[in-house]
Amino acid sequence: MVVRVQKEDFDVGAELTTLTGGKTAVGGITSFVGLVRDLGGESALKAMTLEHYPGMTEKMLGEIESEANDRWPLEASLIVHRYGRLEPGDRIVLVATASAHRHAAFDSCAFLIDWLKTRAPFWKLEETDGDGARWVESKQSDDRAAGRWGKEAAE
Amino acid sequence: MVVRVQKEDFDVGAELTTLTGGKTAVGGITSFVGLVRDLGGESALKAMTLEHYPGMTEKMLGEIESEANDRWPLEASLIVHRYGRLEPGDRIVLVATASAHRHAAFDSCAFLIDWLKTRAPFWKLEETDGDGARWVESKQSDDRAAGRWGKEAAE
Amino acid sequence: MKILYFAWLRQKTGIDSEDIVVPESVSDVAGLINWLKERNEKFEDALSDFQSIRVAVNQEFAEFDAPVAQGDEVAIFPPMTGG
Amino acid sequence: MKILYFAWLRQKTGIDSEDIVVPESVSDVAGLINWLKERNEKFEDALSDFQSIRVAVNQEFAEFDAPVAQGDEVAIFPPMTGG
Numbered sequence: 227m228v229v230r231v232q233k234e235d236f237d238v239g240a241e242l243t244t245l246t247g248g249k250t251a252v253g254g255i256t257s258f259v260g261l262v263r264d265l266g267g268e269s270a271l272k273a274m275t276l277e278h279y280p281g282m283t284e285k286m287l288g289e290i291e292s293e294a295n296d297r298w299p300l301e302a303s304l305i306v307h308r309y310g311r312l313e314p315g316d317r318i319v320l321v322a323t324a325s326a327h328r329h330a331a332f333d334s335c336a337f338l339i340d341w342l343k344t345r346a347p348f349w350k351l352e353e354t355d356g357d358g359a360r361w362v363e364s365k366q367s368d369d370r371a372a373g374r375w376g377k378e379a380a381e
Numbered sequence: 227m228v229v230r231v232q233k234e235d236f237d238v239g240a241e242l243t244t245l246t247g248g249k250t251a252v253g254g255i256t257s258f259v260g261l262v263r264d265l266g267g268e269s270a271l272k273a274m275t276l277e278h279y280p281g282m283t284e285k286m287l288g289e290i291e292s293e294a295n296d297r298w299p300l301e302a303s304l305i306v307h308r309y310g311r312l313e314p315g316d317r318i319v320l321v322a323t324a325s326a327h328r329h330a331a332f333d334s335c336a337f338l339i340d341w342l343k344t345r346a347p348f349w350k351l352e353e354t355d356g357d358g359a360r361w362v363e364s365k366q367s368d369d370r371a372a373g374r375w376g377k378e379a380a381e
Numbered sequence: 015m016k017i018l019y020f021a022w023l024r025q026k027t028g029i030d031s032e033d034i035v036v037p038e039s040v041s042d043v044a045g046l047i048n049w050l051k052e053r054n055e056k057f058e059d060a061l062s063d064f065q066s067i068r069v070a071v072n073q074e075f076a077e078f079d080a081p082v083a084q085g086d087e088v089a090i091f092p093p094m095t096g097g
Numbered sequence: 015m016k017i018l019y020f021a022w023l024r025q026k027t028g029i030d031s032e033d034i035v036v037p038e039s040v041s042d043v044a045g046l047i048n049w050l051k052e053r054n055e056k057f058e059d060a061l062s063d064f065q066s067i068r069v070a071v072n073q074e075f076a077e078f079d080a081p082v083a084q085g086d087e088v089a090i091f092p093p094m095t096g097g
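If you read the protein sequences in the order shown, they are chains A, B, C and D.
Basically this note's numbering = 1-based index in the first sequence + 226.
Basically this note's numbering = 1-based index in the second sequence + 226.
Basically this note's numbering = 1-based index in the third sequence + 14.
Basically this note's numbering = 1-based index in the fourth sequence + 14.
Derived from the structure by calculation, the hints contain no laboratory data.
All C-beta atoms in this analysis are idealised placements derived from N, C-alpha and C, irrespective of residue type, glycine included.
Be aware that one or more of the hints could be misleading.
A short list of chain C residues far from chain A (calculated; beta carbon distances all over 10 angstroms) [as the list claims (entries may be wrong)]: (1) 15; (2) 37; (3) 40; (4) 62; (5) 85.
Anything over 12 angstroms on all C-beta distances counts as not near chain B; from chain A, calculated [said to hold, decoys possible]: (6) 229; (7) 283; (8) 357.
Residues from chain C that face chain A, not an exhaustive set, calculated with beta carbons under 8 angstroms [unchecked claim]: (9) 22; (10) 70; (11) 73; (12) 89; (13) 91; (14) 92; (15) 94; (16) 97.
Next up, chain A with everything else stripped away, as it sits in the complex (with noise of 0.2 angstroms):
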């Protein structure tokens, strides 16, 4: 169990191959990588600020790691975490989990950034062209994704 919230890009390869190195009884990895999105319309994204808050969003991430971990059978996971100002198209999160069954791995990804997309404790301002600076609201379908997972995670 891995968590590192940073400024730095990260490299999925390196970070996957470090993951998984030596654990023969890995059948898969399942990783999800997110990008700043640029869905065009009237004003187009320039760039985004991500704030977090250092201390309690490294324990958060690795207390739903942790449940991650209990509830799916995994040999290795990780996430890492950018924080800062981001351009259209760099990469944000980094989500894996390795285990000897693919559904398992699978399910334990799509867990773990359903939740890191509404619970973990980041703000997003966004740059665009024609608006200017300012601050993303929570939205309720992410709300609902997370749901889907049942109990109340770490929280």
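Place chains B, C and D on chain A using the hints.
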């Protein structure tokens, strides 16, 4: 849509970067990396040789990837599958799907790997310490996993 | 008491982190926020809507009736928008 | 007709690929396999159990009653075990 069947290993980070380079509508990439697993037990796995049907493999993989793109709103997708002799811990397959929406990326990636694990024209020869070499037989549990996606994909 | 402000609460109050002594009458989160609101107009504005505020006490999410005491780390922030 | 053998069918027959002329009486997959079985003991052994054999004609899965003709590429293999 990219399909490659190759003997050489692949670099997951480089593959994903190439896959989504410049596509700022992508919000997330789900990927699955299959590894040669040694489940331990009585006779340890020494190696696995994957044989395939050149030509038909690429054709079938292209068809199923095309079906995934019909079913889900994907911005990009990739299947890289290795053949030849592989040892425990070696990468076998990479499936990656990129979408504006993470659930589309997750579902399409799970769909593809469920299919690959059952329907792709590969055959496995396992070498163990105890038994020598033997051809792996088709598993019903994998057929069920592929079956949960409904229609008989690409057959 | 250490108080941290994040996102637009940091911007509106103009403060990211402060160590302050709060009166003994402040015993829970709601009391703390009401006391902070009286400091100046910026705080009054930033903290006017309880519905748009979340709080953590010692890095755990806390309700508005949760107790607070000297020595606690209290963070005030809008609902998280995730990663 | 080009015939390909994979996995243990390749090993048992000792052949991975061959170009052969089949008699005109061979008109479908079942007919082809029955004709191949009569070539020698290796083929007889390899092709003895229809249930453990899958066939593709021109790189498409085919049933045992599917037609075959000169110029086709026919592959004979065990059920796939996936990637």
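Hints versus structure:
Its beta-carbon lying about 16 angstroms from the closest one in chain A, residue 15 of chain C satisfies the requirement of being farther than 10 angstroms from that chain. Annotated as non-interface, residue 37 of chain C keeps its C-beta farther than 10 angstroms from every C-beta of chain A; the closest such distance is 26 angstroms. No beta-carbon of chain A is positioned within 10 angstroms of the beta-carbon of residue 40 of chain C; the least distance is around 22 angstroms. The Cβ of residue 62 of chain C lies farther than 10 angstroms from every Cβ of chain A, with a closest approach of about 16 angstroms, so its non-interface assignment holds.
Residue 85 of chain C, annotated as away from the interface, keeps every beta carbon of chain A farther than 10 angstroms; the closest lies near 16 angstroms. Every CB of chain B lies more than 12 angstroms from the CB of residue 229 of chain A, the least distance being 19 angstroms, so the non-interface label holds. Non-interface call for residue 283 of chain A relative to chain B: holds, since the shortest CB-CB distance, roughly 20 angstroms, exceeds 12 angstroms. Interface exclusion of residue 357 of chain A from chain B stands, the closest Cβ pair being 18 angstroms apart, more than 12 angstroms.
With a least beta-carbon distance of about 5 angstroms to chain A, the hint placing residue 22 of chain C at the interface is held under the 8 angstroms criterion. A cut of 8 angstroms between beta carbons decides the hint on residue 70 of chain C: the least distance to chain A is about 6 angstroms, and the hint holds. Because the closest C-beta pair between residue 73 of chain C and chain A is about 4 angstroms apart, less than 8 angstroms, the hint holds. Of the supplied interface hints, the one on residue 89 of chain C holds, with its beta-carbon coming within about 6 angstroms of a beta-carbon of chain A, less than 8 angstroms.
Annotation: residue 91 of chain C was flagged as interfacial toward chain A, and the flag holds, the nearest CB pair being 7 angstroms apart, inside 8 angstroms. Interface restraint check for residue 92 of chain C: the shortest CB-CB distance to chain A comes to about 6 angstroms, inside 8 angstroms, so the restraint holds. Interface restraint check for residue 94 of chain C: the shortest CB-CB distance to chain A comes to about 5 angstroms, inside 8 angstroms, so the restraint holds. At its closest, the beta carbon of residue 97 of chain C sits 5 angstroms from a beta carbon of chain A; the interface hint therefore holds under the 8 angstroms criterion.
Checked against the numbered hints listed earlier, the structure breaks none of them; every hint is satisfied.
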